[in-house]
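Student: Chain by chain, the residues:
There are 2 protein chains.
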Amino acid sequence: MLKLYFSPQSCALASHIALEEAGADYQAVRVDLANGEQRQSDYLKINPKGRVPALVTDRGILTETPAILFYVAQTHPKVQLAALDDPFEIGRLQAFISYLCSTVHVAHAHRIRGYRWADDEASFADMRRKVPQTVGECFQLIEREMFTGPWVMGERFSIADPYLYTLTTWLESDGIDPSRFPKIADHRQRMSARPAVAKILSAHG
Amino acid sequence: MLKLYFSPQSCALASHIALEEAGADYQAVRVDLANGEQRQSDYLKINPKGRVPALVTDRGILTETPAILFYVAQTHPKVQLAALDDPFEIGRLQAFISYLCSTVHVAHAHRIRGYRWADDEASFADMRRKVPQTVGECFQLIEREMFTGPWVMGERFSIADPYLYTLTTWLESDGIDPSRFPKIADHRQRMSARPAVAKILSAHG
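Which chain is which? The protein sequence lines are A and B, in order.
For the record, in the first sequence the residue sitting at position 26 is 33 according to this note's numbering, with numbers rising by one throughout.
For the record, in the second sequence the residue sitting at position 149 is 156 according to this note's numbering, with numbers rising by one throughout.
Just chain A, with the same shape it has in the complex (with noise of 0.2 angstroms):
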């Protein structure tokens, strides 16, 4: 059985999600990010870089939400979560989710976690101002450029939406209106009206 260790609304929500949407045979395992449960060394063994999400599989463990969302959708091929005899479709998936672990959950990160690249409060404070245009302006690029619809990469339901999704739960935290985005927003509203996804939003709240 797969095991997922998570984190309330972390990004290992995203992961959390495409396991339940593949039918998957998971146990979730919370981590108490706030007691800084992820840095003590039982947690360390697991992952050493002491974040969320990881996923303990009977060949080992894996890390980083587009290795394990990929992986659920290689061992899962019936789901659909990508198109995995495409090697174009399956570039387009990853660049759009690599895009979403590399750039837009990075300027989303400056808002609380400052003291990864700086140590001045005054730096810790100029990069917070500055989330609500920088995660603006990624949303934006996406509602213009990236999003297919009705789902991510077009007809057919992906891993990218669960993904999507997670990062698009974190904008009014971030200071930015859904309203913003109408695709995004119609997105987010449908992702929450899947089952799926309410039973984990309920593990998570």
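Please keep in mind that the hints were generated in silico from the structure rather than gathered at the bench.
Careful, some of the hints might be misleading.
The list makes no distinction among identical chains, and a pair is therefore deemed to hold if it is satisfied within one copy or across any two copies.
Think about it this way: if two alpha-carbon atoms lie no more than 27 angstroms apart in a straight line, the pair counts; the simulated BS3-like pairs of lysine-lysine are [as the list claims (entries may be wrong)]:
id: 1; residue 1: Lys-85; residue 2: Lys-10
id: 2; residue 1: Lys-85; residue 2: Lys-52
id: 3; residue 1: Lys-190; residue 2: Lys-52
id: 4; residue 1: Lys-56; residue 2: Lys-190
id: 5; residue 1: Lys-10; residue 2: Lys-52
id: 6; residue 1: Lys-137; residue 2: Lys-190
id: 7; residue 1: Lys-206; residue 2: Lys-137
id: 8; residue 1: Lys-85; residue 2: Lys-137
id: 9; residue 1: Lys-206; residue 2: Lys-85
id: 10; residue 1: Lys-206; residue 2: Lys-190
id: 11; residue 1: Lys-85; residue 2: Lys-56
id: 12; residue 1: Lys-10; residue 2: Lys-206
id: 13; residue 1: Lys-56; residue 2: Lys-10
id: 14; residue 1: Lys-10; residue 2: Lys-137
id: 15; residue 1: Lys-206; residue 2: Lys-52
The model shown is predicted, which means the values in this text are computed figures rather than measured ones.
For chain A, the structure is supplied; the task is to place chain B on it using the hints.
Tutor: Leaving out everything else, chain B in the frame of chain A:
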């Protein structure tokens, strides 16, 4: 024929080496970042993000290093640049690549691109000062926990190798002595000695 848009000394080096190692039929087109070519309308039609790399294929354009690397591996299966028939090994590979793009490259970027996440000169200076620490911690983790050897993923050369190599070529300019990381330093030396790498380095020189 594939067409790779790159700029010298950028992370596009990884995709460029991968194409060469794969024996791909491709053409490389230099984008002049110093003169802002990446923000001009002709290039924004290729990549609306205004970044390199971008790979033009007969099906459309792919961006983001992780997506391009995996596409090259998938479309040149005989060269075996990824364990394409093993979802767990692909997961390990993508976890490593994701860490490079979302954590290591991002840490490095705070040395000269602080304007992406803040507005004040003092914040940029603060970020710059922290880069030797943050990038150093990333490479320490790679050296200690992630690098399998002799290649990144183990016995077989993969798309993770040119990507790690690319990021190690930035170590000195980030204020880090590569000899602190013996496995990574040795990997860099062996990478530089590969004919495909030497050829591409001269195009980036």
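Student: It remains to establish, for every hint, whether it holds in the given structure.
Tutor: Here is how each hint holds up against the structure:
{"no.": "1", "hint": "Lys-85 with Lys-10", "verdict": "within (21 angstroms within a copy, 34 angstroms between copies)"}
{"no.": "2", "hint": "Lys-85 with Lys-52", "verdict": "neither (33 angstroms within a copy, 36 angstroms between copies)"}
{"no.": "3", "hint": "Lys-190 with Lys-52", "verdict": "between (41 angstroms within a copy, 22 angstroms between copies)"}
{"no.": "4", "hint": "Lys-56 with Lys-190", "verdict": "between (35 angstroms within a copy, 19 angstroms between copies)"}
{"no.": "5", "hint": "Lys-10 with Lys-52", "verdict": "within (14 angstroms within a copy, 43 angstroms between copies)"}
{"no.": "6", "hint": "Lys-137 with Lys-190", "verdict": "within (24 angstroms within a copy, 39 angstroms between copies)"}
{"no.": "7", "hint": "Lys-206 with Lys-137", "verdict": "neither (34 angstroms within a copy, 41 angstroms between copies)"}
{"no.": "8", "hint": "Lys-85 with Lys-137", "verdict": "neither (43 angstroms within a copy, 47 angstroms between copies)"}
{"no.": "9", "hint": "Lys-206 with Lys-85", "verdict": "within (21 angstroms within a copy, 43 angstroms between copies)"}
{"no.": "10", "hint": "Lys-206 with Lys-190", "verdict": "within (24 angstroms within a copy, 45 angstroms between copies)"}
{"no.": "11", "hint": "Lys-85 with Lys-56", "verdict": "neither (32 angstroms within a copy, 34 angstroms between copies)"}
{"no.": "12", "hint": "Lys-10 with Lys-206", "verdict": "within (17 angstroms within a copy, 45 angstroms between copies)"}
{"no.": "13", "hint": "Lys-56 with Lys-10", "verdict": "within (17 angstroms within a copy, 36 angstroms between copies)"}
{"no.": "14", "hint": "Lys-10 with Lys-137", "verdict": "neither (37 angstroms within a copy, 35 angstroms between copies)"}
{"no.": "15", "hint": "Lys-206 with Lys-52", "verdict": "neither (29 angstroms within a copy, 41 angstroms between copies)"}
In summary, the structure is inconsistent with hints 2, 7, 8, 11, 14 and 15 from the numbered list given earlier, while agreeing with the others.
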